[in-house]
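Engineer: Here are the chains, one letter per residue:
Protein chains: 2
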Amino acid sequence: MAGNVLPQPVQRLIDEFARLPGIGPKSASRLTFYLLRAADEHAFALAEALRDLKERTHFCSICFNITEKEPCLICQDAGRDQTLLCVVEEPLDVVALERTHAFNGRYHVLHGAISPVEGIGPEDLRIAELVQRVEQGGFNEIIIATNPTLEGDSTALYLQRRLAGHGVKLRSLARGLSVGGDLEYTDEITLRRALEGRQDLH
Amino acid sequence: MAGNVLPQPVQRLIDEFARLPGIGPKSASRLTFYLLRAADEHAFALAEALRDLKERTHFCSICFNITEKEPCLICQDAGRDQTLLCVVEEPLDVVALERTHAFNGRYHVLHGAISPVEGIGPEDLRIAELVQRVEQGGFNEIIIATNPTLEGDSTALYLQRRLAGHGVKLRSLARGLSVGGDLEYTDEITLRRALEGRQDLH
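Top line first, the protein sequences correspond to chains A and B.
Under our numbering, residues 23 to 224 are what the first sequence spells out, in order.
Under our numbering, residues 23 to 224 are what the second sequence spells out, in order.
Keep in mind that the hints were calculated from the coordinates and are not lab data.
Hints should not be assumed to be uniformly reliable.
The list cannot tell twin chains apart, which means a pair is met if one copy fits it or any two copies do.
The calculated lysine to aspartate or glutamate pairs, modelled on EDC-like cross-linking and capped at a C-alpha distance of 16 Å, are [claimed, not checked]:
1) Lys-48 to Asp-115
2) Lys-76 to Asp-115
3) Lys-48 to Glu-112
4) Lys-191 to Asp-115
5) Lys-91 to Asp-209
6) Lys-191 to Asp-103
7) Lys-76 to Asp-62
8) Lys-48 to Glu-140
9) Lys-191 to Glu-157
10) Lys-91 to Asp-222
11) Lys-48 to Asp-209
12) Lys-76 to Glu-63
13) Lys-76 to Glu-210
14) Lys-91 to Glu-111
15) Lys-76 to Glu-206
16) Lys-91 to Glu-77
17) Lys-76 to Glu-90
18) Lys-76 to Glu-140
19) Lys-91 to Glu-206
Put together the whole structure using the sequences plus the hints.
Structural biologist: Okay, structure coming up:
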């Protein structure tokens with residue numbers, strides 16, 4: 023220890039943590055000093071998990087979801103509806119949709135949404151690959167399930183234009199009240215969408 | 023991917039991140055998906071830094087600061103005042119004090135402060151080792167530089183009692199206005215301490 027600096031391995035881990043999004047220098051120090059004091063196994067388990075992530079997973083060449091197999095198990099599954107495609111922003115969106123057990127088609131993961139503010143254009147997403155998939159034919163319906171945000175909606179609008187004219191039905195997820203939510207506390211845009219999308223009772 | 027679950031390496035890294043203090047399941051997911059998309063080197067560098075931290079650093083057997091050498095370079099340094107000791111809570115406090123270039127004695131790192139709320143008692147800190155160092159003699163002055171918090175002050179009071187009767191001068195750091203701070207926005211306790219500690223102008 024050279025007097026006014028931390029030992030190099032300590033400083034290095036602080037620097038590496040601080041490179042992660044949402045972790046500032048203070049959090050990075052806090053995490054490093056926590057691990058210094060924690061059992062060795064804790065740091066080693068994290069190190070191994072990091073290596074495994076990169077060595078054992080990759081993106082499916084068809085749908086770009088994360089997978090250990092190539093192609094991924096969903097793309098391989100002949101029991102799923104091959105004519106139905108759901109386009110999502112992130113792999114976690116696939117997890118969320120699978121949890122509903124209400125979708126039996128296939129997926130396409132864009133890996134983000136168009137965002138001029140963050141400098142993310144269509145060419146930074148898996149949109150060319152999506153268009154190619156659709157052009158190869160076989161899909162009857164495509165659900166564009168981007169997030170209900172400005173970026174997600176812009177991306178949906180862009181995709182709607184790019185995918186038009188292929189004889190495929192383009193749909194979006196319904197907007198409305200959250201189940202278990204409270205009408206009184208629902209924001210006005212969601213409430214307006216819920217009104218516009220009002221349905222018959224049966 | 024088994025339909026509704028993430029690939030095991032992804033889930034595992036999320037779990038490992040979520041074990042860290044201050045990182046919840048959402049942040050853990052965010053970090054994992056960031057690393058999935060980032061260059062391999064980023065995850066590998068973090069993994070290596072984690073291993074290095076545990077394999078190359080340990081606590082100095084004399085002062086309990088973090089070090090790559092044994093004893094640490096400060097404890098080894100014969101040019102420092104061997105009669106002056108500064109007791110701090112954390113290794114980062116040593117870094118802060120060294121940056122001032124105003125202290126040329128040695129350190130003792132407690133690794134925390136007494137906190138009944140968090141269940142941290144004197145026996146969880148390096149206090150027995152401190153008492154032993156002081157009993158071995160050689161120190162003229164001990165600066166108890168715990169944090170100006172409830173826990174730090176309690177710890178200082180406890181140490182004051184434990185270290186009394188060894189013929190060593192016990193001191194604390196001055197409390198008062200922050201340099202560059204604003205009197206108007208100084209909290210009343212600090213301002214009271216600044217008044218109580220008022221000094222002659224010269």
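Engineer: Please list, smallest to largest, the hint numbers that this structure does not respect.
Structural biologist: Violated hints: 2, 4, 5, 8, 10, 11, 13, 14, 15, 18, 19; rest satisfied.
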